[in-house]
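Visitor: These protein sequences, in sequence, are chains D and W. 0 is the number of the first residue of the first sequence in numbering that gives the first Met the number 0; add one for each residue after it. 0 is the number of the first residue of the second sequence in numbering that gives the first Met the number 0; add one for each residue after it.
Where hints are given, some of them may not hold.
[To be verified] Cut-off 25 Å, straight-line C-alpha distance, at most; resulting in silico cross-link-like pairs (SDA-like, lysine to any residue):
#: 1; chain 1: W; residue 1: Lys170; chain 2: D; residue 2: Asp282
#: 2; chain 1: D; residue 1: Lys229; chain 2: W; residue 2: Ala84
#: 3; chain 1: W; residue 1: Lys213; chain 2: W; residue 2: Gln288
#: 4; chain 1: D; residue 1: Lys7; chain 2: W; residue 2: Val131
#: 5; chain 1: W; residue 1: Lys58; chain 2: D; residue 2: Asp282
#: 6; chain 1: D; residue 1: Lys100; chain 2: W; residue 2: Asp75
#: 7; chain 1: D; residue 1: Lys100; chain 2: W; residue 2: Asn266
[Claimed, not checked] Partial list, derived from the structure: chain W residues whose beta carbon lies under 8 Å from chain D:
#: 8; residue: Ser29
#: 9; residue: Glu89
#: 10; residue: Leu92
#: 11; residue: Gly159
#: 12; residue: Tyr164
Please keep in mind that the hints were generated in silico from the structure rather than gathered at the bench. We put the CB at the ideal spot given by N, CA and C, even for glycine.
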Amino acid sequence: MKKRLFKKICAGTLIAAMAVSLGACGSSDQPSEEQSSSTEQTSTASGSTGEESSSGQITSVSDIEINEVGTDATGHEGEEAPEGIQEGTVLNYWTNYDVPKYCPWMDNRAAVLTYQVYSNLLVKNKGNSEDIVCDIAESYEVSDDGLVWTFKIREDAKFSDGCAVEAGDFVATWDVMQEYQPRPLANVESYEAVDAHTLVVTLKTADPTFIYGLPTQRTYGVVCSEELEKYGPEDNRSAVGAGPFYIESYDSGKQYVLKAIEDYWNTDLQAHIETVNIQVIADENTALMGLMNGSINIMNTVDIEVMNNVVDNGLNLALVTDRENPFWFNARQVEIFKDPVVREALCHMVNWDELSALVYDGLYPHPNSYFTGPEAPEFSDKYTYDPELGIQMLEDAGYALEDIKFEILADPDFTNLNVALVQQFNDLGLTNVTTQTYDGATCYGMLKAGTYDMFPVHNGYSQDTPLDVFTMGLIEGGTQPVMFLKDIDEAAYEEAVGYYEAAESSSTLEEYRENITALENLVQEQCLALGGLQVVRGFAFTNDVRGAYIAPESAEIQMSYLYFAE
Amino acid sequence: MAKFIIKRIIMVPFLLLAISILIFFLLKLSPADPVLNMLPAQYTQEQYDAKAEQFGLDKSNPEQYINWLGDAIRGDFGISYKTSAPVADEIALRVPVSLQLSIITTIILVAIGIPMGVMCAVKQYSVFDNVVNVISKFLASIPGFWLGMMLILVFSVRLGWLPAYGMDSWKSWILPVFTFLLPYLGQYLRQVRSAMLDCIRQDYVRTARAKGMKERTVIFRDAFKNALLPIITFTGGTFATMIGGAVMIEQVFAFPGIGLKVLEGINNRDMPVILACCMVLALFNIIAQLIIDILYGVVDPRIRSTFVGKKKKRAVAEAKGGNA
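If we strip away everything but chain D, and leave its shape as in the complex, we get:
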């Protein structure tokens, strides 16, 4: 009798446990009324017209179209934002990165803060680099030779502590940047505060892309020179900016509290949300659950599973294209990579579309170039997927498949892709191709030191400043060596340097673009990388959030535009 009762209790307990587990894991097939309505909003938000289900609902991330730059990613473009601050509003924004230093020159991963707390002379209107408008500068002039830029500074511009922004603050800020982050100033001959409201910047060579960098990026934002002098460049108390928010408090490992500045001097960028809590949550799944229960309002991810969960739960999801990551061959480390036949043969052996489908549900596209932009050269037939041709090329050149031996370096974000890529090589008989995952910091250190065989690296490529990728990756002494052309073909390297220098000294945008394109073409024709996939980033919102304008190159939201639906 006792035994029977015991069995019944055990069975009951197990069934209850399984039911709870399954109930918790699964999402209901029939969305609730609230979920249903928000799914419709998702459809609007993404502007999706593609493969939607018969009811018009988005059923998978791949149904969503990429968000257009300069439009509200929540799908409410054209709705009127409230005037001033919405009293008592609190927005919780997720980050997994505990920004330890928020002086802008100290940490370039801190864009989530710097975008809100700092201002610069100019600003990309709603994140759109095609539309650069005045911010702290009320106007600017460029000399005919393109060398001298004169910025007139607004008299009403103020730091969050109430001090007026003056030309001298830019000089003090840039003086510090020279030491900590000199790259944006590399082509700057001098900068001078002619008077309190006039700043003159003289370039070494005319640079048509200058406008996108130093005077525009909020990550190079101006700080109050008085505080800087008082506390020094490595003290967070120096981080007094002129942005629409100020940092009210910082709790290590927990959160940053940003407060909107009332009557902000730049009325176009007046924040509407009163308090923004930037929540530091290490685990992305916890953040997702926070989003699902409404305690997080905005999160972003490159994880396809998390994006699918967002869609499944009827939350608002917008997609923006992020970086593309070519898998660079390190010919300095691996002798066989010096042979162009090996490089081209390997390029024929990767089916990127299959990898995308396998690892990312087909969401991450295989770009047609290492580089982005309308004028970037497309891949030649050296990159056509033809494994038999690849194997034939290797055999004709006298290589046994076992001779092809290298290890692909992966950070945790790329582990799955690398495993699938290695599997493709292994299936073709290249059994000595392997992969190894290290944490991000180790990978970054190995990248800088050049001690890897192959690594998918984006290397800071931006359509606005396309030369940077070559400064760091190609030119001898570059800090993130990825294009080992000099080790492969000295003459080709000299030619590339010629294009690089010509681009650097171009006086017109056309000339600049021509040289860049030639340089891009040369690198691409040399098969310095296998190719790669383009990362697509998903921004998820609770359904009451409006006004999300995302800058694609930094994948950050300018929070001053955000507001809550009434």
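Position chain W against the provided structure of chain D, taking the given hints into account.
Guide: Relative to chain D, chain W alone:
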């Protein structure tokens, strides 16, 4: 007893020294250059050299270790490569969180685990014992991060009763504590039950029963008191493991504890942080072991007697009429 405690305390610095040597040189095997991690994307050789000199990374490994050790003895664990803040200050913020979490969990563990374990042993093979046995096996086999996710999903997302993350109110502690507790509770119950069963089967328990003593007295005075030794060992060991082992819970529930700090340190190749965290965790572990040893002495007179001084031993022997 005092001699025993002093002996154990004297061992502490040597243990810490051995641990620090091991961790320091293991960390040096990493393929990443910490100086490169601290430099901006573009740097010059001068900047590299200056940074290496600033953090003493231009010296040989033994020299670096000796310098670090000298500073650590004075309570200075160096400057974080990542944050440029004193590591001691950063750790001081994190340790209380992990300690609180571990102490609360241990208290609940003991409060639930001991009575239930004892009851299971006393009522061996009863329905209660079998049900608890099945549940404890189930709990012991659940991975903590999965359990945490499920609890968040049920109590935070579906029911909306408790916060999903953070530590803003007492409610925030419920899910992390239970996520932390349940897998340990499964093991703990089984350990307590097993320890009690060992004692219940002993002759002296049978004798006590035969003498007609009350069952409650037999269980709690004779059996439980003798079962305390393994229970203390397991409780202390569990507590020590919890302090550093909460990394998964801290990660899932966004609790800024020392476990998460170690993880951040490892991810950033922040050697001063890793070293300091490991030393602090090792210290807690050693202290926990020390407390266990002291409690052994308190609970078990046999252990106490082994540390009686020679004079006292001789006196006892003389009193018994034997030779010292």
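Visitor: Each hint: holds or not?
Guide: Results of checking the hints against the structure:
1. Taking the CA atoms of W:Lys170 and D:Asp282, the gap is about 20 Å. The hint holds against a cut of 25 Å.
2. For the suggested pair D:Lys229 and W:Ala84, the alpha carbons sit about 18 Å apart, so the restraint of at most 25 Å is met.
3. In summary, the hint linking W:Lys213 to W:Gln288 is not supported, as the alpha carbons are separated by about 35 Å, beyond the 25 Å threshold.
4. For the proposed pair D:Lys7 and W:Val131, the alpha carbon gap of about 14 Å is at most 25 Å, so the pair holds.
5. Between W:Lys58 and D:Asp282, the direct Cα distance comes to roughly 37 Å. Violation of the 25 Å bound is thereby established for this hinted pair.
6. For the hint linking D:Lys100 to W:Asp75, the alpha-carbon distance of about 21 Å falls within 25 Å, and the restraint holds.
7. For the given pair, D:Lys100 sits about 17 Å from W:Asn266 by alpha-carbon distance, which is consistent with the 25 Å threshold.
8. For W:Ser29, the interface hint holds, since its Cβ comes within 8 Å of a Cβ in chain D; the closest pair sits about 7 Å apart.
9. A distance limit of 8 Å between C-beta atoms decides the matter here; for W:Glu89 the minimum to chain D is near 7 Å, and the interface restraint holds.
10. With a cut of 8 Å, the hint placing W:Leu92 at the interface with chain D holds, because the nearest CB-to-CB distance is about 6 Å.
11. Annotation: W:Gly159 was flagged as interfacial toward chain D, and the flag holds, the nearest CB pair being 6 Å apart, inside 8 Å.
12. The interface hint given for W:Tyr164 is met, as the beta carbon of that residue sits about 5 Å from the closest beta carbon of chain D, less than 8 Å.
The structure fails to meet hints 3, 5 from the earlier list, while all remaining hints are met.
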